[in-house]
Amino acid sequence: MVATPAHLRRSAIALGNDEVLRIRNDFPILQQHVNGKPLIYLDSGATSQNPLSVLEAEQEFYEQRNSAVHRGAHHLAVEATEAFENARETVADFVGAEWDELIWTSNATEGLNLLTYSFLNASLPGAAPEAARFALAPGDELVVTEMEHHANLIPWQELAARTGAVVKFIPIDDAGALDLEAAAGIIGPRTRVLAFTHASNVLGTINPVADLVALARSAGALVVLDACQSAPHLPLDVKALDVDFAVFSGHKMLAPTGIGALYGRSELLNAMPPFLTGGSMITTVTMERAGFLPSPQRFEAGTQRISQAVALAAAVNYLRETGMDRIHAWEAELGQRLVQGLESIPGIRVLGSAAGQERIGLAAFDVAGVHAHDVGQFLDSRGIAVRVGHHCAQPLHRRLGLTATTRASTYLYNTTDDVDAFLNAVADVRAYFHA
Amino acid sequence: MSLDQLYQQIILEHAKARHGSGLAAAAAPEDASSGQSHQLNPTCGDEITVRVSVARGKVSELRWDGDGCSISMASASVLTDLAEGMSVGELRTVIDSFREVLRSRGKVPADPEVLGDAAAFEGVSRYAARVKCAMLSWVAAEDALGQALAA
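Listed in order, the protein sequences are those of chains A and B. Its first residue numbered 1, the first sequence is counted upward by one per residue in my numbering. Its first residue numbered 1001, the second sequence is counted upward by one per residue in my numbering.
Misleading hints may appear alongside valid ones.
[To be verified] From the derived model, a few chain B residues whose C-beta atoms are all more than 12 Å from chain A:
1. L1003
2. S1034
3. P1042
4. A1055
5. G1068
6. M1073
7. G1089
8. R1105
[What the hints assert, rightly or not] To be clear about the criterion: a stretch of chain A counts as covered by chain B if any three or more of its residues have a C-beta under 8 Å from a C-beta of chain B, and this derived list gives those stretches:
9. 218-230
10. 363-373
11. 379-392
Source of the hints: derived by calculation from the structure; they are not laboratory data. The beta-carbon is built from N, C-alpha and C at its ideal position, and this holds for glycine as well.
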């Protein structure tokens, strides 16, 4: 076992291998063999696997309660609405939000697009007076970071292109940490939005949310947190972090694809123009105009992803019962084991901080003389699933002088044996490719 | 299928040798008509630029610059060896044949008589995610050839 540095030691007792082996039994997909080897799944940063309780929750919904929600007076409609809204409460509570501050989306990408399209609508002629606080004018600044996933970059670029606003970014240093000194100079009176990732999907860094929020607050800017890699892996409290908005994806936290959420402070959500309009989000409709419901229904036009929301609540319950602090502590150990192991293999360059520094349970790396695609193919032949490519972070890779890397990302169902098997395989890669 | 069937030795060797690499360092031949094409694989960021020069109905030179996996680099190297000296019609035939094999999901065997060393990429057709890697330089060459003839 790799010793955890003192400053990373948590009061929580991390999961251990025995417990993880029991957890694995809840995940049918992890029982299979790939290329004749037991599957070692190290791609949870891209998408996670579903425990039986999640799969059963979705099936139970379709077998017992399936119906449209928020309409109809029949028994099933009431049951479905209750399941749907209970799910909302469960997921909202999981991230420290009130139920009416949690909007269902397809995923985090849609949540961010909901925000940027709403702000665009606020910037157009004819927007409601209460939307003025979101309206952007030429020269306004939208600040992101150099480590963002494309999902938290391109929507802001598009919003800027349509409003005359400008996208600025906080640079990173060679070790992948945000340059907070530079941030203090970049975030200023023209800054309207500061959008940044809580934990990097490539570097594994956990960003200093409090410092960034303080800078944004002093500039009067809204704060948007990409919680895709934090909500699944560490205790998250959006109120304690004091962010205005946060997004996350269900499929990265044991739920099916097609469901995610946007958190927003209630007073902001109720002043924002809708993004999608149509059924279920209105008060009175005439042939000329419509009134809109308050949040969350204000942003949930059309029939919603009901079974997926129910399944996400089941996933959240699974995570809670296991303990987010314990999951976080275990994955921090796995992350250290990954980095220490990778650093000891000749020709491997780990992106981000060195061993001993805080990181979530993932590591992206470059193998000298071997392209990431070839590394991934080699690992696959040993039953090991990893992500290869730019991980939807081209600017970050360019900053680090790379085009593609390999990433191993862990979750609560990974053991130290998984990490060791992965490290042993990586150690053989360069010889195979004559590098 | 085993890893060694995908990564045949000839592929691993060409991935290192990179015949024809060095487009930027060499000007296009003056006695030929040249076309150039840049292709990108957005899923992995692999990219390649291929220049094809045609003189008197034959491919007089093929040069490329690229960054990518062993499959894409080896494929460009093998293509260079094959294409130089071929007639325009022969190159088109060999590109069509390569594409048919690569897109067949293992159903169309490679004919070494037509494809030469490029027959070694037959195994790639069983790996859907890698077909684009192998095709990248060939698609670029096809486009560059069209431009050379139109010039």
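Taking the hints in turn, this is what the structure says about them:
1. The Cβ of L1003 (chain B) does not lie farther than 12 Å from every Cβ of chain A; its closest approach is about 4 Å, which violates its non-interface assignment.
2. Look at S1034 (chain B): its CB is around 27 Å from the nearest CB on chain A, clear of 12 Å, so calling it non-interface holds up.
3. With a closest Cβ-Cβ approach of about 9 Å to chain A, P1042 (chain B) is found to fall inside the 12 Å limit, against its non-interface label.
4. At the 12 Å boundary, the C-beta of A1055 (chain B) stays outside the reach of chain A, the nearest C-beta of that chain being 34 Å off.
5. Distance check on G1068 (chain B): its Cβ comes as close as 6 Å (rounded) to a Cβ of chain A, failing to clear the 12 Å threshold; non-interface status is violated.
6. Under the 12 Å C-beta cut-off, the non-interface status given to M1073 (chain B) relative to chain A is violated; the minimum distance is some 8 Å.
7. Consistency note on G1089 (chain B): stated as away from chain A, and its beta-carbon is indeed over 12 Å from all of that chain's, at 33 Å minimum.
8. A cut-off of 12 Å between C-beta atoms confirms that R1105 (chain B) is not in contact with chain A; the least separation is 17 Å.
9. A stretch counts as covered by a chain when three or more of its residues have a beta carbon under 8 Å from one of that chain; for the region 218-230 of chain A and chain B the count is 0, and the coverage is violated.
10. Counting residues of the region 363-373 of chain A whose beta carbon lies closer than 8 Å to any beta carbon of chain B gives 4, which reaches the threshold of three, so the coverage claim holds.
11. Look at the region 379-392 of chain A against chain B: 4 of its residues bring a Cβ nearer than 8 Å to a Cβ of that chain, three or more, so the hint holds.
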